[in-house]
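Chemist: The residues making up each chain are set out below.
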Amino acid sequence: MMLFLYVAAVGLYALSFLCYARILYAPQVALGRLASVLLCLGIIVQYLELLARAKAANSIPYDDLYGSMSLFAWLLGVTYLGLELFHRERSVGAFVTLGLVVWMVVLRFFATPALPNPELPRGSLFAFHVTLNTWSYAAFALSFILSVIYLIQDRMLRSRRMATPSWRFPALDVLDRMARSSVYIGLIALALGVAMGLDYAWHETGARVLYDPKVVVTAFILVAYVVYLRVSRISSWRGPRAALLCAFNFALVLFSYTFVNLYLTKFHHFY
Amino acid sequence: MAAITETDRPGAIRVRIALIGCNHVTAPVELRERIAFTPEQALAAADELRRQGILEEAVVLSTCNRSELYGVPGEASMAAPEAMQDFFLSFHGLSSRELDGRFYRWMGTDAVRHLFRVSAGLDSMLLGEAEILGQLKTTYNQALDHGATGPILNRMFQGALEVGKRVRAETEVGARPMSVALAGVKLAERVFGSLKGRSALCLGAGAVSDQVVEHLRSRGIGNLKIVNRTFDRAAELAGRAGGEVAPWEALESVLTAPDILVASVSAREPVLTRAMLERVLEARNGKPVFVVDLGVPRNVAPDAAGLYNLYLYNIDDLGEIVEQNKKAREAEIPRAESLIEEHVARFETWRMALEASSIVDDLRERFHSQREALLEEKLKDMPEVSPDERKRIAHITEELIERVLEQPGARSRQGGVMRGRLGALEALRHLFGLDEGKH
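Chains as they are written, first to last, in the numbering used here: chain H, 1 to 271; chain W, 272 to 710.
Think of the hints as simulated: they come from the structure by calculation, not from any bench. Possibly wrong hints are sitting among the right ones.
[As the list claims (entries may be wrong)] Okay, the calculated bits of chain W under chain H, using three or more residues with CB under 8 Å as the criterion:
| no. | stretch |
| --- | --- |
| 1 | 457 to 463 |
| 2 | 557 to 568 |
| 3 | 576 to 584 |
| 4 | 633 to 644 |
Every residue gets a Cβ at the ideal spot worked out from N, C-alpha and C, and that includes glycine.
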C-alpha cells in the first residue's frame, strides 16, 4: 500500500512537472490550473503515504532518514503551493516539481524505506518540533530556488540575451517577494520548532542542549535569515545581492542538515 | 444543403470553397488602400455576391494589409474566381489592368490553408502579430450576424479562429515582442511584473515615445509624466495618454522616483547623467529603476549602466533583442505550420464526411427508385401474388437495400477514413467494401 502511494505521489508530481514545464514555454490557463491540481493531488497522496507509515510504525512517520526526507519533500510542495496561490505565480512550479520528483526518486534509492523502530514514545511536542523544523528547511530550500532563479533572470536581463523561458519567468519583483515570503515562513517555523525542541529536551529528557552544535548552528541560521530580511530592504543590498545572500544562507541549512547531524550532534543523529 | 454543388462526375458531390485577394506581398499600400472595404462595404459586398448568385456564402476580410473574398460558389462552374475578381474590380471601380497580377486565387483545401495561415499570423507583415486574429473574429461575427455565412464558411472560420488561438498558445510565434517600443515595455515587466500602479517618466514626445507611452498605458501604468523641450507636444501626448506634463526646466524636480524612465530626445550630450540617476536610485531607497534610452546620440550617460539596480537598455540593445525574437519566432514556423496542417486535415475530414454522406444518400435514392420500378415490372406478370405478399416483398427489398448501404453509410460518417478516396473508383469500392472477403 505504501509503495503504491509512493509511486502514485511521484507520478502525480511528474505529471504536474510536465504541465508546469509546458506552460513555461506556452502559457495556457487551463494547463496551469491542471498543474496546480496535480501538485495538490500529489501532496494529498504523499500525505496518505506518511499517514500509512505512521500507523504502521505506531510512531511519527519521520523518525528515520527516509521519513524525514519524505516529510521535507512534502512540506516543500505544501509551501510552494501556498506561495503559488498567494502570489498567483506558476512559473516557478516546473523547478519545484522537478526537484520533488528527483528528490523522491533518489530518496528511494539511497535511504531505506523500512519502517523505523522507535526506542521510546516521544509525544506530540517532539512531533511538532520535528515537523516545524523540517518545514523551515523546506521553506528555506524554496527561497534558495527562488533566489537562484532571480539571479539567473537578473543576469539574463543585464546580458540582454533573453532565452525563451526567461520571457516566462516571474518578474524580479515577484521572485523577490516570493523568496521573502518563503523565508518568513521558514523563520517562524524554525523559531517555533527550536522553542518546542528545547522545551521537549528540558522537560522530557532533562538534557541541557543549549550548547549542542545543532542548536548553535540553528541559531546562526536564524540570525542569517533575519539579516537577509533586513538587508533586502537596504538600498545597497536590495535585489541581486540580497538574493545571493539568501542562496548562500541555504548552504548553512545544508551544513546543519548534513555535517552537523552526522558528526557534531548527539541529539539529531538519525543516520 | 445550399452550399453543396454537383460536379459533372456522376455520384460525386463536392463542397467548393473559393478565395481571391491581395495582400502586402502582392500589392503596394497605394493599391491596398484603394481596394480596402469598410465594415459596411464588406457586408454590402457579401450581400451583392450572394444576390448575383456568384457565391452562396461570402465573407469579405479587409485589413490594412489585405483585402480578401472568401466564398462558397453557388454553381459548379470553375469560373467562380473570375466572377469574384470581376465583382471585386467593379465594386472598387478599378480596371483589370490596374490589378493585373496582383490577385491570388485559391480553391478548396488551399483556400482553407490560406485562411488558417492568416489567422495564425504567418501571412502577416509582422510575423505572428496578434491583431489579425481579432480582426478576423470581428469580420466573421459581423458576417455571421448579417446572415452572409452558411455551414461551410462557419466551419472554416471557426476552425481558423481555433487554429489562431492554438498557434499563439502553443508556439512562440506570437510570444516575443517584435518592436523596440514593445520590447522595452516587456523588459520592464520582467523587472516589475504588472505595471499597474507603477510610475513612468517619459523624456521626449516623438513617434517612438508615443509608441512606448501607448504600450505603458495599455498595461495600466499608474502614473505617467511627460517632459519635452516643446511643451505643447508633451501636452498633446499627455492628453492622449492620460498623463501629466512638466516643462523641460523642471526635469530635475520630476526625476524623483519613477520606476520606468524612457528617454527619447534629440540632444548632443546625455540628458541623464550618472549622478542624476544615482539621485533617483537614492530617492527610491535602492529599488530598481528601468531605463529605456531610445535616443541617438544616447540620452543616458553610458557610465550609468554600471549602477546597482539600474537596468539600462539603449536602442541597440533593444534592437538586438528584437532581432533575437524575430529569429525565435521564425524558428517556430514549422510548429505553427504543423498545427495548421492538423486543422486543415480536420476540416478536410469534415468536408469529406459531408461529401461521402451525400453520395450514399444519392445511391439510396437511386436504389429505391430502381427497386420500385423492378417490383412494378416483375409483379405485373404475377397475379397470383397476393397484396399481403406484395407488401412483404416490398419490405424485404427495402431492407436489403438498407443493409447493403449500412456499411458505406457508417464509413461515410468517418471522414478520416474517406480522406483522399473520393472522386475515384476506389472510393466507391471502399464505401461498399467490395474487396473485402474476396481473398
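Chemist: Run the structure past the numbered hints and jot down the numbers of the failing ones, going up.
Modeler: The structure conflicts with hint 4 only, although it agrees with all the remaining ones.
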